[in-house]
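Those protein sequences? They're chains A and B, same order as listed. When you number the first sequence by the working numbering, it's gap-free, plus one each residue, and the end is 415. When you number the second sequence by the working numbering, it's gap-free, plus one each residue, and the end is 488.
What the hints contain is simulated information worked out from the structure, not anything from laboratory work. If you're wondering where the values come from, they're calculated on a predicted model, not measured in any experiment. Zero decoy hints are in this set.
In silico negatives: residues of chain A with every beta carbon more than 12 angstroms from chain B:
#: 1; residue: Ser182
#: 2; residue: Thr240
#: 3; residue: Glu343
#: 4; residue: Pro407
Every beta carbon over 12 angstroms from chain A, so not counted as near; a handful from chain B, in silico:
#: 5; residue: Phe22
#: 6; residue: Ile46
#: 7; residue: Pro83
#: 8; residue: Arg97
#: 9; residue: Glu120
#: 10; residue: Ile123
#: 11; residue: Gly152
#: 12; residue: Ser366
#: 13; residue: Ala408
#: 14; residue: Ala486
Cβ-to-Cβ under 10 angstroms is the rule here; a few derived chain A residues that face chain B:
#: 15; residue: Leu144
#: 16; residue: Arg150
#: 17; residue: Gln160
Beta carbons are placed, not taken as given, at the ideal position from N, Cα and C, and that holds for glycine.
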Amino acid sequence: MSQNLPLLARYAEGLFWMARYLERVENMARLIDVTQSFESPGREAEAWYALIRINADEEAFAKRGLTADPDTVKRFYLLERDNPSSIPNSIDAARLNARTLRPLISTEMWMQLNMFHRDVAAITADQLEGDKLSRLCGMIKLGVQEHTGITEGTFFRDQGWCFYELGRLIERADQTTRLLDIRFHSLVPLGTEEHRVEEMTLWAGVLRAAAGYHAFRRVAPPGFTPQDVVRFLLTDTSFPRSVLLCVGQMEWLLGQLRSRYGLRGTVAALERTEEVRAAILSRPMERVIAEGLHEFLDGVQRDLILLAGEIGTAFFRDWRPLADDQQPAAAAVPTEGAASQAAVQGASGQAQTQSVIKPSVARRHEP
Amino acid sequence: MTLPIADPFDGYDSGQYFCELAADRGDDGGAIARLRAAISAIGLDALRARAAAAENDLINLGITFTVYSEASAIDRILPFDCIPRVLTATEWRHLEAGVKQRVAALNAFLHDIYHERKITKDNVVPADLVFTNPNYRPEMENFPVRFGTYVHICGIDIVRDQAGQFCVLEDNARTPSGVSYVVENRHVMLRTFPDLIAGMRLRPVDDYGQRLREAMTEIAPEGVDDPQVVLLSPGIYNSAYFEHVFLAREMGVPLVEGADLAVVNDRVWMRTTGAMRPVHTIYRRIGDDFLDPTVFRADSMLGVPGLIGAWRKGNVALANAVGTGVADDKAIYAYMPRIIRYYLDQDPILPIVETHICREHSGLQYTLDRLDQLVVKPVGESGGYGITIGPRASKAELEVARAALLKEPSNWISQPVIGLSVAPTLTEQGLRPRHLDLRPFAVTGRSTWVLPGGLSRVALKEGSLVVNSSQGGGSKDTWVLAED
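Just chain A, same shape as in the assembly (with noise of 0.2 angstroms):
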């Protein structure tokens, strides 16, 4: 019965950016919290602008003027509502999608989101402070696990699902090549042993930024080196976190997208899962890294993006026929009053047709 459905394809794109922003915020409170216990006595600034690099802020925080001290950084991601890539204006952009995708979500998915859209929004400079920032961290990281869990418990699984499911897993994938990438912009010059156990112990800080650590021993060989750490985190086949799972993931449900419910368009996505596979896999993790392992992690980041696009063509893209130019030019709206016909204004005052939230524009590396 489920399989004849159909599904509204702005509804389809609004649960792909839901799942996104939802599975940012995550990723962004644990880099965070990883970024903290990186700060080494002398360096703490340096710390924390690696997470404006690898989220590619730097224009965008230079333009406010913004200096990198740590308190600076700390309130760009978990304070500023008007920053884009800040956690505020994620959960803000995953909940306006929640509220366009309400008659599909459960009611409890939107009862949690809602709640911690508003505990989120209630965030002060006083927990960005000390050892009060992990615990921020933590229900922030916890926030999204319960509506991980909500979702999986209540929400209906026909194709709508999978769209939620590949947004959330393309934007993981993306979000392990960052944290990756955080251990690059804080390299350590090798050399000495001291250097050495320094050096493991911050991979072992990313290991557990990504809630990998007990699996990465049971896996890993005694003495690793950072390429265990990279080879884990890429290509590991169980790991819930790595790019490798997430792709295969997304490939799974492409293909159900495809013979469970009848949708064309999915071969130029799979086309892209199969090369980011390639990708990962056409070099041992030894080159990668010798060749320069933030050039690599680039390189998939950019594939993710097309990736994105090929799922967008396929599915969302030709939801609003007009090309831009055909838009009428001035934008009528209704206002409160005859018919209780409400104002469609948002709150800039400026009117409001765009119904997916969505980013402006692909964020990416120029390398």
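Chain A is already provided as a structure; the job is to place chain B on it using the hints.
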């Protein structure tokens, strides 16, 4: 030591007004007295705590409407008052019959003015009042709608005067809202006050969505086996968006926005992840003006280009039909008793409030002479805007109203001040009388069904008569006692 619990009814006095929870109605089988006793048993402090929990519930659930000011949009809940309003089975039978009669008259009137125009030819209603009305739609002339139903969803605002008599204050025949609160208020009551409902035999309100879906299926173009129904909403920035979500979910149909639909070869389609799917009935929550930019406002981005063409070809049904606004206009309202008699050959079951039509010389003169005693209302407005309540207006306000009346008399009607009934409402001081109204909802496809009860809106400010949510009104759960 245990302190005696405070009785919430201490100090309650409804004075000259009819109290909706007075225990001496006689036809309630003692239900109201039991309810009052149960409220007293809870005590004031516990009542406050539970009322707060109920409101918190509504916030968390996002059962909100949006208030727009110049710079911001704020999600608010419709304040919920936990003391229910009770209608007896006898009262409801009377109201239900009155609402059905009115809906039948509204539909007959709309059919007539868009076809033979007998009523204006017979001078029962002045022709110019109908045909120069901005809500009259020439596009509707001689266009057949199934079962002669134009107003599929109708909300009729009813008040109760000092004698307890029900009378109609206003018809809402375009896109009336508020029904979602009727159902959600009941859910909140069941969660937070199970002890008040226990043992009461109440008419359920849960099947509104199912009834609406049935009506929408009935009105679909003939020959369609399993019609696709959709709800067309202006989107998340509309203040009634929650209600649109609620109704789409209850009906089990997609909530679409204009851009989700397309008209190809005079048929309506919706854009899905796969092929375009045909659409047969549209419950639209968008005003006529915004429905189709090729016919009405060209700058509308909410509607669907070509929709009216597809409708006129008989390929899609619209609920409500286009052009119903001419029937719920405040100017036409004054003629409703005559309209009911004209088409149905019956006396009106529910009277209207005495109304003076200022476009008529005598009505204008009457109004100007007693401005300080009358309520002056603009025709064609809704939401309680532009109203001057004579006895409460300052001299300056009365002069503003007088100038407006003289400038454009046909824009105004006036009515005596009705001593609206009151019901005990939780306030800082305990339970106090607050004025309220009732908006029952009628759904009409092949025939008319009325949701038992309706939305009871209560003016939370002491002495206030304005119940609109945009102006500080709240709502109550409305109980209709079941027949024995």
